[in-house]
Amino acid sequence: MTLTARGLTLSVEGVDHLRDITLDLRPGRIYTVIGRTLAGKSSLLRVLAGLQRVDAGTLTQDGTDLLQVPVWRRDTAMVYQQFINYPHLNVFDNVAFPLRRAKLSGEQVRLRATESLAKVGLSDFHARKPSQLSGGQQQRVALARALARRCKTLLLDEPLVNLDYKLREQLREEFRELFSGVGDSVVVYTTTETTEAMMLGDEVIVMHEGRIVQTGTPAEVFDAPATTTVAQIINEPPMNIIPGTVTGGRMRLNDLGAVDLPAHLAGLPDGPCQFGLRATDLSLSSSEGLRGDVTFVEISGSETFVHVVIADIPMVVQLEGIHDVSLGDAVLVTIRSDRLFAFSAQGDLLVAPSEQGGR
Amino acid sequence: MAQLELLDVGHCYVPGEGEDRWALKPLTVTFEAGKTYALVGPSGCGKTTLLNILSGLVSPTRGRVLFDGADMTRRSTRERNIAQVFQFPVIYTSMTVYQNLAFPLECRNWDSRRIDAKVRTVAEALGLGDRLKEPARKLNADDKQLISLGRGLVRDDVAALLMDEPLTVIDPQLKFSLRRRIREISEQFRPTVIYVTHDQYEAMSFVEELLVMKDGQVMQQGTPEELFESPRSAYVGYFIGSPSMNFLDVTQDGSGVWLAGQRLAMSWQPPAARVPAEASGAGAAQAGVLQAGIRPEYVRLASAPGPNTFPARLQAVRDHGPLRVLHVEIGGQRLALKLAREAGVPHGDTLLVELPRAKVLPYVGGQLATVVAG
Numbered sequence: 001m002t003l004t005a006r007g008l009t010l011s012v013e014g015v016d017h018l019r020d021i022t023l024d025l026r027p028g029r030i031y032t033v034i035g036r037t038l039a040g041k042s043s044l045l046r047v048l049a050g051l052q053r054v055d056a057g058t059l060t061q062d063g064t065d066l067l068q069v070p071v072w073r074r075d076t077a078m079v080y081q082q083f084i085n086y087p088h089l090n091v092f093d094n095v096a097f098p099l100r101r102a103k104l105s106g107e108q109v110r111l112r113a114t115e116s117l118a119k120v121g122l123s124d125f126h127a128r129k130p131s132q133l134s135g136g137q138q139q140r141v142a143l144a145r146a147l148a149r150r151c152k153t154l155l156l157d158e159p160l161v162n163l164d165y166k167l168r169e170q171l172r173e174e175f176r177e178l179f180s181g182v183g184d185s186v187v188v189y190t191t192t193e194t195t196e197a198m199m200l201g202d203e204v205i206v207m208h209e210g211r212i213v214q215t216g217t218p219a220e221v222f223d224a225p226a227t228t229t230v231a232q233i234i235n236e237p238p239m240n241i242i243p244g245t246v247t248g249g250r251m252r253l254n255d256l257g258a259v260d261l262p263a264h265l266a267g268l269p270d271g272p273c274q275f276g277l278r279a280t281d282l283s284l285s286s287s288e289g290l291r292g293d294v295t296f297v298e299i300s301g302s303e304t305f306v307h308v309v310i311a312d313i314p315m316v317v318q319l320e321g322i323h324d325v326s327l328g329d330a331v332l333v334t335i336r337s338d339r340l341f342a343f344s345a346q347g348d349l350l351v352a353p354s355e356q357g358g359r
Numbered sequence: 001m002a003q004l005e006l007l008d009v010g011h012c013y014v015p016g017e018g019e020d021r022w023a024l025k026p027l028t029v030t031f032e033a034g035k036t037y038a039l040v041g042p043s044g045c046g047k048t049t050l051l052n053i054l055s056g057l058v059s060p061t062r063g064r065v066l067f068d069g070a071d072m073t074r075r076s077t078r079e080r081n082i083a084q085v086f087q088f089p090v091i092y093t094s095m096t097v098y099q100n101l102a103f104p105l106e107c108r109n110w111d112s113r114r115i116d117a118k119v120r121t122v123a124e125a126l127g128l129g130d131r132l133k134e135p136a137r138k139l140n141a142d143d144k145q146l147i148s149l150g151r152g153l154v155r156d157d158v159a160a161l162l163m164d165e166p167l168t169v170i171d172p173q174l175k176f177s178l179r180r181r182i183r184e185i186s187e188q189f190r191p192t193v194i195y196v197t198h199d200q201y202e203a204m205s206f207v208e209e210l211l212v213m214k215d216g217q218v219m220q221q222g223t224p225e226e227l228f229e230s231p232r233s234a235y236v237g238y239f240i241g242s243p244s245m246n247f248l249d250v251t252q253d254g255s256g257v258w259l260a261g262q263r264l265a266m267s268w269q270p271p272a273a274r275v276p277a278e279a280s281g282a283g284a285a286q287a288g289v290l291q292a293g294i295r296p297e298y299v300r301l302a303s304a305p306g307p308n309t310f311p312a313r314l315q316a317v318r319d320h321g322p323l324r325v326l327h328v329e330i331g332g333q334r335l336a337l338k339l340a341r342e343a344g345v346p347h348g349d350t351l352l353v354e355l356p357r358a359k360v361l362p363y364v365g366g367q368l369a370t371v372v373a374g
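Order-wise, the sequence lines are chains A and B.
Under this note's numbering, think of the first position of the first sequence as 1, with each following residue one higher.
Under this note's numbering, think of the first position of the second sequence as 1, with each following residue one higher.
By construction, these hints were calculated from the structure, which means they are not laboratory data.
For glycine and all other residues, C-beta sits at the position ideal for the given N, C-alpha and C.
Heads up, a few of these hints could be off.
[As the list claims (entries may be wrong)] Output of the computed footprint for chain A on chain B, the stretches with three or more beta carbons under 8 Å from beta carbons of chain A:
no. : segment
1   : 178-189
2   : 231-243
3   : 317-326
4   : 333-345
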């Protein structure tokens, strides 16, 4: 039941949406597709769903050429960013509708719809109309309808993006439980958020400008991003990338003074390269460090992202907790050189700092 | 820019309704001149009602609205001299960027030299300095929204700048730069800003103080750091921060506070709990039960038993990238804690967690128990 894509290519009005997409999506696994807006994530889902034709490539499942199967005959369910429900039907009938159309017995329809609504926590809402529900509840109805069909393929296109922060936090936790019950389905879930991609995916697919730029387990991708582009996409805030040079066992970050290479980078060849540093590996100090000027401060969840400029290099420092830092303040920034990533001048990963306990 | 005061202001949309059901329950708030504030909370919390009372679109059922001490309660929106930015950009599409910014000043009969200087200063701050001659209709959504904002800023006589979810239509990728712009501009021009949003983190990213609202009430007013460090209610502990603050039911007797059969020291001694613990969870909060609140950021893994250290059972590990969130159980109660990625995943199901005393706050009935004056 593996869903196999080979060389899927799509361009619309001269703009490449998908370039040579080759993938094996195995049943019982959850794939999170992460990428910036317009990376091709939604196009990929639409092609997998049969809502979009391709210019080239093949898509097969169980030996069937899916590109020849019309959308209504494919065994695929999709959940969208917008909460799409039938406004005139109550919650139960919204979930039951595709089951009835698939000619399931009345008893089967009742069982499956009831079970599916229980899973998403809407057992007490069968008789409500979608308009009487909150956004989070409406998205749960859409999800229940998708789950009830027990399709071979379940596609979710940034399903949490239109919900407020606390609901996203709650639902992404619930999704893990819900997806663990989908058995042999292939689940593909698109997102722009690191946390969702890392938490929900058995495998992460990183997309950029219509291409797949890396696939692997969340830990593989996070701990060893193949390129600076992947490193910036998979980290929120994006990984700090600093141009530098290596000369005779010493390194220089941009215009800063040369220092000895940290132990894990000892084998780096001489020449220009790029260093990467996660925002969590920089911190503010009251006594020592590089002088930086604060240009902006953002709060995300329980973290404070302090944007600083150090020797003309913009960098982001991530602080645990919420702190009042003023714009224009001069701060001292310490960097964890034992946590530096090294990339080639072209942006390919050379060395990543070692990680413990990845899973 | 003016200081805005609400004195015992409340509002109900249905005449004769009991006060407990008012859209905005009577409150007194002062918005200081030149400071930035955000009203945050879920839909229906009363934040838009409060904003509309300030702008004059809603006349409050009771109370008074003062601008720099002058009573504005019955004055029209026009008389209040405020600037507003809405969810959707409101601009004149037939005009250029320059004309859009100059228009509010021409309406006030400023002389053209003064208008020109002001428009150029503001356009520079908005990053639109070299696009003044472009027709406004050709701009993208976020630049249009910047112009809406700029039209408020050119009038330096306005009492306040009121913004209602101004980033709703902005592409997520552009939100960051626009947010940064608005913050920079407000630091430069120091307007009094009241900003309404449902996104607590967006608000925290550029205002000096937040008013967290729920059910028509202000639950807490404070800086982002204050709301995070000492939420006055369990609700604020939940609403601010991710994951939310942990709340654990504890018991209290003459000798101290107890959690799972062990002594728990808190940052200050709570007043004696009045209700014995029968209920738990949300029920406990309502019943006036004593709870210990601690942020997941402050819970630590310990290697040896010690003060405020408790055996815990590991329930789940969530990989968030740079850190992992561990869900553990202490005496049947769930607790979340954050662990740096490089610490790895703990071996085995049994852990020791430390709740540092300085970070454990006492809550009675869901409210932060006040420090008993010595």
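Structure-based check of all given hints:
1. Check on the segment 178-189 of chain B: 5 of its residues sit with their Cβ under 8 Å from a Cβ of chain A, so the three-residue criterion for coverage holds.
2. Proximity of the segment 231-243 of chain B to chain A, defined as three or more residues with a beta carbon under 8 Å from a beta carbon of that chain, is established by the 6 residues found.
3. Coverage of the segment 317-326 of chain B by chain A holds. Counting CB-CB distances below 8 Å, 7 residues qualify, and the rule asks for three or more.
4. Beta-carbon proximity to chain A at under 8 Å applies to 7 residues in the segment 333-345 of chain B; the threshold of 3 is reached and the given coverage holds.
Checked against the numbered hints given earlier, the structure satisfies every one of them.
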